[in-house]
Amino acid sequence: MSDRSEADRRQQESRVQRLIRRPEAGAMVVMIVAIVSITIASNGNALNALGIKNNLAIIAQFGIIATGAAMLMIAGEFDLSIGSMIGFSGMSIAMMLKWGLPFGLGAATPFSAFFITLAMTLALGWLIGTIVVRSGLSSFIVSLAFLFFLRGTTEVCFRLINQSTQISGLEDFKETSWFADIFGGEAFGFLYDIAFQLGFNLNRRGEQWVTGVDARVVWWIVIAGAAYIILSRTQLGNWIFATGDNKDAARANGVPVNRVKVGLFMFTAFCATIFAACQVFDTNTADAAKGNLMELNAIAIAVVGGTLMTGGFGSVIGVVFGAVTFGLVANAVFYIPWLDGSWYRVFVGVVLLAAVFANERIRKRITGGI
Amino acid sequence: MAEPYLKVEGIVKKFGPFTALNGVSLDVYPGEVHALLGDNGAGKSTLIKTLAGVHEPTAGQIYVEGKPVKFRSPRDASSAGIGTVYQDLAVNPLISVTRNFFMGRELLRGPKGIGLLRMDEMDKIAHDEMLKIGIDISDPQQAVGTMSGGQRQTLAIARAIYFGAKVLILDEPTSALGQKQQMEVLKTMMRVRKRGDIAIIFITHNEIHSQLVADRYTFLALGQVIGAGKAGELEHDEIRRLMAGGAEMADLEQELSGI
Ligand SMILES: Nc1ncnc2c1ncn2[C@@H]1O[C@H](COP(=O)(O)OP(=O)(O)O)[C@@H](O)[C@H]1O
Ligand SMILES: [Mg+2]
Chain A
1 MSDRSEADRR QQESRVQRLI RRPEAGAMVV MIVAIVSITI ASNGNALNAL
51 GIKNNLAIIA QFGIIATGAA MLMIAGEFDL SIGSMIGFSG MSIAMMLKWG
101 LPFGLGAATP FSAFFITLAM TLALGWLIGT IVVRSGLSSF IVSLAFLFFL
151 RGTTEVCFRL INQSTQISGL EDFKETSWFA DIFGGEAFGF LYDIAFQLGF
201 NLNRRGEQWV TGVDARVVWW IVIAGAAYII LSRTQLGNWI FATGDNKDAA
251 RANGVPVNRV KVGLFMFTAF CATIFAACQV FDTNTADAAK GNLMELNAIA
301 IAVVGGTLMT GGFGSVIGVV FGAVTFGLVA NAVFYIPWLD GSWYRVFVGV
351 VLLAAVFANE RIRKRITGGI
Chain B
1001 MAEPYLKVEG IVKKFGPFTA LNGVSLDVYP GEVHALLGDN GAGKSTLIKT
1051 LAGVHEPTAG QIYVEGKPVK FRSPRDASSA GIGTVYQDLA VNPLISVTRN
1101 FFMGRELLRG PKGIGLLRMD EMDKIAHDEM LKIGIDISDP QQAVGTMSGG
1151 QRQTLAIARA IYFGAKVLIL DEPTSALGQK QQMEVLKTMM RVRKRGDIAI
1201 IFITHNEIHS QLVADRYTFL ALGQVIGAGK AGELEHDEIR RLMAGGAEMA
1251 DLEQELSGI
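Heads up: the protein sequence lines correspond to chains A and B, in order. In terms of our numbering, the first sequence has 58 at position 58, counting the first letter as 1, and numbering is strictly consecutive. Our numbering runs 1000 ahead of the 1-based position in the second sequence.
Treat each hint with caution, since some may be false.
[Said to hold, decoys possible] Chain B stretches covered by chain A per the calculated footprint, using a threshold of three residues with CB under 8 Å from any CB of chain A: (1) 1111-1124; (2) 1142-1153.
[As the list claims (entries may be wrong)] Some residues of chain B that are not near chain A, with every Cβ distance over 10 Å (derived): (3) K1014; (4) G1016; (5) N1022; (6) R1072; (7) R1075; (8) A1090; (9) M1103; (10) G1104; (11) E1106; (12) E1129; (13) D1215; (14) L1222; (15) V1225; (16) G1229; (17) L1252; (18) E1255.
[To be verified] Examples of chain B residues lying across from chain A (beta carbon under 10 Å, computed): (19) V1012; (20) P1074; (21) T1084; (22) N1092; (23) I1095; (24) R1099; (25) R1105; (26) I1133.
Treat the hints as calculated values from the structure; they're not laboratory data. Note that the Cβ used here is the ideal one computed from N, Cα and C, for glycine as well.
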C-alpha cells in the first residue's frame, strides 16, 4: 500500500489512445470525411488538375489567416479585425499601384506598395494589441472596434481618392516584377509538368492543362510550417502557451506576457496583409468588401482545428486540417452541380458546434474537470 | 549561531490610510523551517509579498546575507535567492510538467525567443529535480492539470530550488489539499530542510502542521508580531494562545458559553 503513489493512478495510455486524444484527431476525421464525400459526389472533378489548383487557392487563403488567428487564440486573445485588415491592405496596395505613393513621392512599385502597407498594418496590429494589454479590456471588443474602423476607413479612402470602391485592370505586375510574382504568380509547376509527362493534366486538345498552383499555397506552407515549429519547439512557443493558459503564472515566472500578445496581434495583421497581397497581385483588382467575414472563418477554422476558446491549447496541424476541410466544402458547389452553396454555412455551423464540445471535453480531461 | 540568510527589520506597509504591517521583524536561517502564523487578515500575505518584491515596504529594511537590499520587482527578489510558491502556485494546467518547470527560463539552442527548446534535457532535469524532493513522475510531458495538488506543490517547490532559491516562501501550501496530500507536502518540506542550505518560510493556519515541521515561529496579529521563538522554547499552550491572536482559550470558552 505505502509504496503506491499518485502517479500510479494514471492509466498508461497506448500509442493509439494517445493519437485519438490529440487535439487534431477530430479535425482529421472531419477532413477525411469531407475529402472522400466531395470526391465521390463530384465524380472526382474536385480532385482533377484544375480542381486541386482551385481548391488549394481557397484552402491556402483560409490556412494563412486561420494560422494567425489560432496562434493568437492560444495566447488567449481574439482578433476580429482580420477581415477588415485584409480589405484595408488590399486597398492600400492597389491604391498605391494605381495612384502612386502618398505625399507625391512618385510611382509605386509592387515592392514599395507592399512594404509601406505592411508597415501600416503591423503598426495597426501593434496598436490593437497595445490597447488590449494596457487597458485590460476584452480583445473581442477592441478588435470589433477595429473591424468597423478599418472597413470604414477603407471605403472612405476608396471613395475619396478613387471615386469608386473598386479598382480593376491594374497592370499585370507579376509579368514584370519578381516581387509581385511571389504573391500573385504560380508555384509547384514542376509537379504539374511531371503529371503532364505521365499522361495526366491534359486539356481537350491533349496539351498541358494547368501549369501550377497559386503562389499563396507556398505562403501558407511557410506560415503554417513556421508557426508549427515556433509553437512546438521554441521558447516563444512555450511563452505563447503559458500566456494563454494562466497569464499571471506566466508573468510570475518571467514570461513577457504583454509582448507576446502584442507580437501575435501583429502576426495576425501580417497574415491578413499576405492574404491581401496575394489577392491583389493575382487578380490585379481590389475591392472595399474584400475579406468580409474572414475573421469569423479564421476563428471557426482555429476552433475546428482543436484550439481552445479559453486559450492555452491548440495545434497548428489541426488548423491545417481545418483549413483543408473548410476550403473543400466552400468550393464544393463548383464541382457538384446540384449543390446549393449555402450548405457551406450550414456545414460550418454544425462542425463548429461539434468541435467546441469536443474541445471542451479535451480541456476537462486535462484539467480534471475544473 | 549561524548567520540568518534573510533578516527583516521593522517592516511597515501602508495601503493608503490602512496599516497592513506595523513594524514586523523576522530572522530566517538556512536549514530551518520558519513557521509564520496568524489569523486571516493578520498580514502574512502582505509580508511575503514584500519579501518577494511585489510590494515595496513603506518603511523598514530587508537584509540578505547581512547586506541591505531593496526589491523593486519580483525579478530582483528571485535573483537575490528568494523563491515564492504562491497559493495559486503559478502553474499552467494545460501545458506539460517540463514546460511549466522551465517556464520563462527555458534551455535553448540558438537565440533567445526563437531558439529551439532542448526538450530531452529539460525533461530529464524536471524529472530528476522532482525525484530529489519526493515524487517520481512517470511522464514529464503530461499536462500539469492531470497531477494532484500535492504534486503541483512539489513541482513549484522543485522549480524554485532548481533556479537558485535560498529562501523558499510557501504560502499556505497545505490549505487546499486533502489529508494525504498535506502529508506529502510536509514530507517534501522536510526533504528540502535536510539539504541544510535552504531556509523555508512556511505560512499556515494549521497549528498541527506547524508543530510537525517548524524550527522557529513568528506569530502575527493585526500587522504586528505578537510572539516569536524557537520550537523547543515555546509551550504547546502558548502556541495555541498565540495562534488565536493572543486570546486565552479559557477566556474564549467562557465567551462562547455566555452566548
Ligand atoms: N493591496 C491591498 N490594498 C489594500 N489593503 C490590502 C491590500 N492587500 C492586503 N490588504 C489588507 O491588509 C490586511 C492583511 O492582509 P493579508 O496580508 O492578505 O493577510 P493574511 O494573508 O494574513 O490573511 C487585510 O486587512 C487586507 O485587507
Ligand atoms: Mg493570505
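Hints versus structure:
Check on the region 1111-1124 of chain B: 7 of its residues sit with their Cβ under 8 Å from a Cβ of chain A, so the three-residue criterion for coverage holds. Beta-carbon proximity to chain A at under 8 Å applies to 8 residues in the region 1142-1153 of chain B; the threshold of 3 is reached and the given coverage holds. Its beta-carbon lying about 24 Å from the closest one in chain A, K1014 of chain B satisfies the requirement of being farther than 10 Å from that chain. No Cβ of chain A approaches the Cβ of G1016 of chain B within 10 Å, the least distance being about 22 Å, so the stated non-interface status holds.
Listed as a non-interface residue, N1022 of chain B keeps its Cβ farther than 10 Å from every Cβ of chain A; the least gap is roughly 27 Å. The beta carbon of R1072 of chain B is kept farther than 10 Å from every beta carbon of chain A, the shortest such distance being approximately 15 Å. With 10 Å as the threshold on Cβ separation, the claim that R1075 of chain B sits away from chain A is violated: the shortest Cβ distance comes to roughly 7 Å. Separation of A1090 of chain B from chain A is inadequate, the least Cβ-Cβ distance of about 4 Å not exceeding the 10 Å criterion.
Not every CB of chain A is more than 10 Å from the CB of M1103 of chain B (nearest about 4 Å), against its label as outside the interface. Distance check for G1104 of chain B against chain A: the nearest CB is about 4 Å away, which does not clear 10 Å, and the non-interface claim fails. Its closest Cβ contact with chain A, about 4 Å, brings E1106 of chain B to no more than 10 Å, contrary to its assignment away from the interface. Every Cβ of chain A is farther than 10 Å from the Cβ of E1129 of chain B; the closest lies at roughly 15 Å, confirming the non-interface assignment.
With a minimum CB-CB distance of about 27 Å to chain A, D1215 of chain B clears the 10 Å threshold, and the non-interface call stands. Taking the minimum C-beta to C-beta distance to chain A, about 28 Å, the non-interface status of L1222 of chain B holds against the 10 Å cut. Every C-beta of chain A lies more than 10 Å from that of V1225 of chain B, the closest at about 27 Å, which supports listing it as non-interface. Separation of G1229 of chain B from chain A is adequate, the least Cβ-Cβ distance of about 33 Å exceeding the 10 Å criterion.
Distance check on L1252 of chain B: its Cβ is at least 37 Å (rounded) from any Cβ of chain A, clearing the 10 Å threshold; non-interface status holds. No Cβ of chain A approaches the Cβ of E1255 of chain B within 10 Å, the least distance being about 40 Å, so the stated non-interface status holds. Taken as an interface hint, V1012 of chain B does not check out: its beta carbon lies about 25 Å from the nearest beta carbon of chain A, beyond 10 Å. For the restraint placing P1074 of chain B at the interface with chain A, the shortest Cβ-Cβ distance is roughly 7 Å, inside the 10 Å limit, so the hint holds.
Hint on T1084 of chain B holds. Least Cβ distance to chain A is approximately 8 Å, under the 10 Å limit. With a least beta-carbon distance of about 4 Å to chain A, the hint placing N1092 of chain B at the interface is held under the 10 Å criterion. Using the Cβ-Cβ criterion of 10 Å, the hint placing I1095 of chain B at the interface with chain A is satisfied: the shortest such distance is roughly 5 Å. At about 5 Å, the closest approach between the beta carbon of R1099 of chain B and any beta carbon in chain A falls short of 10 Å, and the interface hint on this residue holds.
With a least beta-carbon distance of about 7 Å to chain A, the hint placing R1105 of chain B at the interface is held under the 10 Å criterion. The beta carbon of I1133 of chain B comes no nearer than 14 Å to any beta carbon in chain A, farther than 10 Å, and the hint placing it at the interface is violated.
Going through the hint list in order, the structure does not satisfy hints 7, 8, 9, 10, 11, 19 and 26.
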